[in-house]
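These protein sequence lines are chains H and F, in that order. Numbering follows my numbering, in which position 242 of the first sequence is assigned residue number 242; successive positions increment by one, without gaps. Numbering follows my numbering, in which position 11 of the second sequence is assigned residue number 11; successive positions increment by one, without gaps.
Please note: incorrect hints may appear among the correct ones.
Stated by the list, open to error - Derived coverage of chain F by chain H (criterion: at least 3 residues anywhere in the stretch with Cβ under 8 Å from a Cβ of chain H; other residues may be distant): (1) 122-135; (2) 163-172.
As the list claims (entries may be wrong) - Computed beta-carbon distance windows for the label pairs: (3) H:64 x F:78: 33 to 41 Å; (4) F:140 x H:100: 28 to 36 Å; (5) F:107 x H:379: 41 to 49 Å; (6) H:69 x F:107: 45 to 53 Å; (7) H:106 x F:163: 34 to 42 Å; (8) H:298 x F:85: 35 to 43 Å; (9) F:74 x H:106: 25 to 33 Å.
As the list claims (entries may be wrong) - Below, computed lysine to any residue pairings styled on SDA-like, alpha-carbon distance capped at 20 Å: (10) H:77 x F:126; (11) H:369 x F:73; (12) H:369 x F:17; (13) H:103 x F:178; (14) H:102 x H:70; (15) H:102 x F:191; (16) H:445 x F:126; (17) F:198 x H:444.
These aren't lab readings, by the way, just hints derived from the structure by calculation. Yeah, the Cβ is synthetic: ideal placement off N, Cα and C, and Gly gets one too.
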Amino acid sequence: MIKKYNYVNLIILLIFLLFYIPDQNILAQQNDIQLKLNDTILNTNVSPILVNGRIFLPARDIIEALGGRITWFPALKLLNLNLGGKEVSLVIDIPEAQINGKKVILEDSPTIMENRVMIPLEVVQLLTEIESEWDKASQEISITSHRPYVTSIRSYSHKDKTRIVIDLSEKSSYQVITLSNPERVVVDVEASLNQLNEKQKEVIVNDSLVSRVRSGQFTQETVRVVTDLKGKYEFQVSDLSSPDRIVVDIFIPQSQVGTVVQTEISQEIKTEITKDGKRHIVVIDPGHGGNHPGAIGPSGLREKDVVLDIALKLRKILQDNGLTVYLTREKDVDIPLENRPLIAMQREANVFISIHTNSAMQKGSSTAKGIETYVLNSRYIGASAKDVADRENKASQFYHYEDDILNQIIADLEESASIGFSLDFAEIVQKRLVQNTGLENRGVKQAPFLVLKGVNMAAILVEVGFISNPNEEKLLKTPEFREKVAKALNQAVLEYVRNIPENI
Amino acid sequence: MARRRKKKNIFKSTMNLIILIILLVIIFFLVQKFIFPLFQERERIEIEESREEIEVEPPSVLEEEQVVLYFADDNAQYLVPEYRNIQKTEEMAKQAIIELIKGPTSSNLYPTVPSTTRVNGLYINDGIAYVDLSSEIIKNHSGGSTGELLTVYSIVLTLTSFPDINKVQIIVDGNSGETLVGHVDTSIPLEGDDSWLKR
Chain H
1 MIKKYNYVNL
11 IILLIFLLFY
21 IPDQNILAQQ
31 NDIQLKLNDT
41 ILNTNVSPIL
51 VNGRIFLPAR
61 DIIEALGGRI
71 TWFPALKLLN
81 LNLGGKEVSL
91 VIDIPEAQIN
101 GKKVILEDSP
111 TIMENRVMIP
121 LEVVQLLTEI
131 ESEWDKASQE
141 ISITSHRPYV
151 TSIRSYSHKD
161 KTRIVIDLSE
171 KSSYQVITLS
181 NPERVVVDVE
191 ASLNQLNEKQ
201 KEVIVNDSLV
211 SRVRSGQFTQ
221 ETVRVVTDLK
231 GKYEFQVSDL
241 SSPDRIVVDI
251 FIPQSQVGTV
261 VQTEISQEIK
271 TEITKDGKRH
281 IVVIDPGHGG
291 NHPGAIGPSG
301 LREKDVVLDI
311 ALKLRKILQD
321 NGLTVYLTRE
331 KDVDIPLENR
341 PLIAMQREAN
351 VFISIHTNSA
361 MQKGSSTAKG
371 IETYVLNSRY
381 IGASAKDVAD
391 RENKASQFYH
401 YEDDILNQII
411 ADLEESASIG
421 FSLDFAEIVQ
431 KRLVQNTGLE
441 NRGVKQAPFL
451 VLKGVNMAAI
461 LVEVGFISNP
471 NEEKLLKTPE
481 FREKVAKALN
491 QAVLEYVRNI
501 PENI
Chain F
1 MARRRKKKNI
11 FKSTMNLIIL
21 IILLVIIFFL
31 VQKFIFPLFQ
41 ERERIEIEES
51 REEIEVEPPS
61 VLEEEQVVLY
71 FADDNAQYLV
81 PEYRNIQKTE
91 EMAKQAIIEL
101 IKGPTSSNLY
111 PTVPSTTRVN
121 GLYINDGIAY
131 VDLSSEIIKN
141 HSGGSTGELL
151 TVYSIVLTLT
161 SFPDINKVQI
171 IVDGNSGETL
181 VGHVDTSIPL
191 EGDDSWLKR
């Protein structure tokens with residue numbers, strides 16, 4: 001009996017021994033999953049992790065390796081990713097992603113493991129075109145990212161300049177070579193050409209500087225773009241982002257190229273302002289509206305109703321004086337804030353007036369009173385990347401320039417110049433309003449107001465009294481006071497447009 | 001019979017010896033594989049813990065630090081600094097905003113942020129303070145350009161008075177919206193503006 005017992009014991013122990021050790025090896029290997037990106041091993045601070053068959057990757061390592069940017073806000077548990085022209089916001093333990101503002105449901109949530117932020121593989125797949133493969137035997141995740149490719153080649157001809165734009169699916173490095181007899185500018189881009197159709201392989205330009213642009217897959221890694229010049233000209237190559245592109249500018253070697261650009265700008269501004277010298281366009285923006293009542297007075301008077309009434313009164317008086325007037329809203333509706341200056345741009349306005357009533361948060365006493373006129377604060381011109389992109393879009397929308405850099409320069413210059421006009425106009429408005437209403441003069445001020453951004457005309461926001469002040473609320477209720485305000489604004493507009501600067 | 005038993009006994013003892021050896025090998029193996037690392041792990045953890053203890057400063061209940069808070073003057077024309085001593089914490093900037101929301105102690109100054117607003121979080125990165133506030137800052141706001149400017153710039157000036165903060169990005173419940181109440185562009189980080197201070 002004892003012998004039998006011992007044998008059983010031995011066998012059990014042997015089985016235990018045989019099975020347990022390999023099992024340990026598997027566990028040990030699982031802690032060391034390898035990550036391969038485009039066939040090279042990516043050394044990460046923390047290894048990828050497999051949870052219930054789902055792969056989680058160390059966020060910073062993979063996003064940066066793919067050429068993206070990552071920002072982590074620990075206090076908010078918020079992760080912002082920027083990759084392939086897409087912006088993504090993720091929150092730890094929430095299976096959702098905001099991709100360019102759109103919500104996408106995820107199967108797994110981003111999570112924190114070993115003090116590192118890990119993102120599910122699906123997030124990377126949403127951001128960029130990748131192929132992923134999980135090799136269980138070698139415990140290896142291989143990710144193949146699709147290479148950047150040339151999406152199109154465009155050309156724009158100006159009097160003394162030709163611009164060639166090479167559009168890319170994503171940022172890539174490039175090399176520039178010049179060749180003589182005939183003169184050529186060669187740009188070798190590290191990308192593939194598979195997205196470019198046959199027709200675009202040769203772009204016939206045939207202007208004063210460039211005859212044509214040819215492109216082809218030069219090596220497996222590079223696309224060669226050859227610009228055939230008509231003579232020995234100067235050129236400049238630069239890369240721009242959102243969308244990623246390489247820009248080749250060819251121009252006549254002369255010192256006056258700068259002044260050529262300068263005159264184009266001033267001409268553009270001049271025509272915007274003076275037009276035919278008679279037809280003046282005013283866009284009036286009654287503040288708030290619809291779901292946004294604006295400030296509400298102690299007796300319940302609503303800003304949106306007061307300012308709409310003043311705007312309608314002002315329109316009538318201005319029209320009687322022969323001016324062209326548009327309102328951003330004629331009814332109690334909500335117009336998105338950023339659309340209001342766009343309307344002024346579309347209407348090619350000379351003057352943009354946003355009418356508001358003021359309020360100040362002061363518990364118990366609302367002694368704040370008076371009139372103030374606001375102009376955009378010049379330090380917020382081109383303050384953000386979004387601004388630049390917006391202006392670029394706006395500029396091309398309104399001026400039909402195809403030229404991107406020039407657009408930006410023009411938009412910036414015009415916005416800066418418009419602050420000068422706006423300050424002139426604001427002084428007139430402030431003076432007239434204080435004279436006509438007898439309210440306290442709080443002065444002309446500058447602030448980063450969204451409604452005044454990205455315009456090229458005299459643009460102001462006027463606060464025609466404090467609705468939060470019981471005395472001024474009483475005034476704002478009366479048609480007489482509103483009429484006074486409208487008349488003052490009318491006088492100010494007439495005074496301004498009659499003295500519009502002929503030149504800058 | 002006796003001989004056979006003896007033979008059996010020898011066999012049995014040999015078997016026992018083999019089993020014993022195998023058992024010893026297994027035990028040795030298991031000890032090396034599991035028990036040893038466990039001890040090492042514990043030691044490591046203990047070392048780390050003791051290190052942490054050294055690093056953590058003793059809680060200084062009495063230590064205070066002065067912060068500058070900005071509140072509105074009686075005509076809502078300017079922002080006026082009010083100095084306040086508050087208990088020193090790891091998150092002085094966040095604490096300063098909590099104090100700002102509480103309002104001024106001086107009777108001729110006025111609050112600039114709705115008192116029900118909570119601070120969800122504050123994070124400083126690359127000179128920019130990201131301050132996440134609860135939506136009461138919008139819901140309970142009185143509106144008006146002046147009111148909104150006072151709210152925004154009292155927060156911006158209070159935070160930029162810290163040496164490591166140059167700009168302030170206001171976030172409401174996790175979103176950096178366009179404006180709070182329809183005027184000031186808060187979609188971008190804002191700098192301090194001296195024109196709010198009376199000269």
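Requested in this report: State the violated hints by number, sorted upward, taking the hints as numbered earlier in the document.
Outcome: Of the numbered hints given earlier, those the structure breaks are 2, 3, 5, 9, 12, 15 and 16, listed in rising order.
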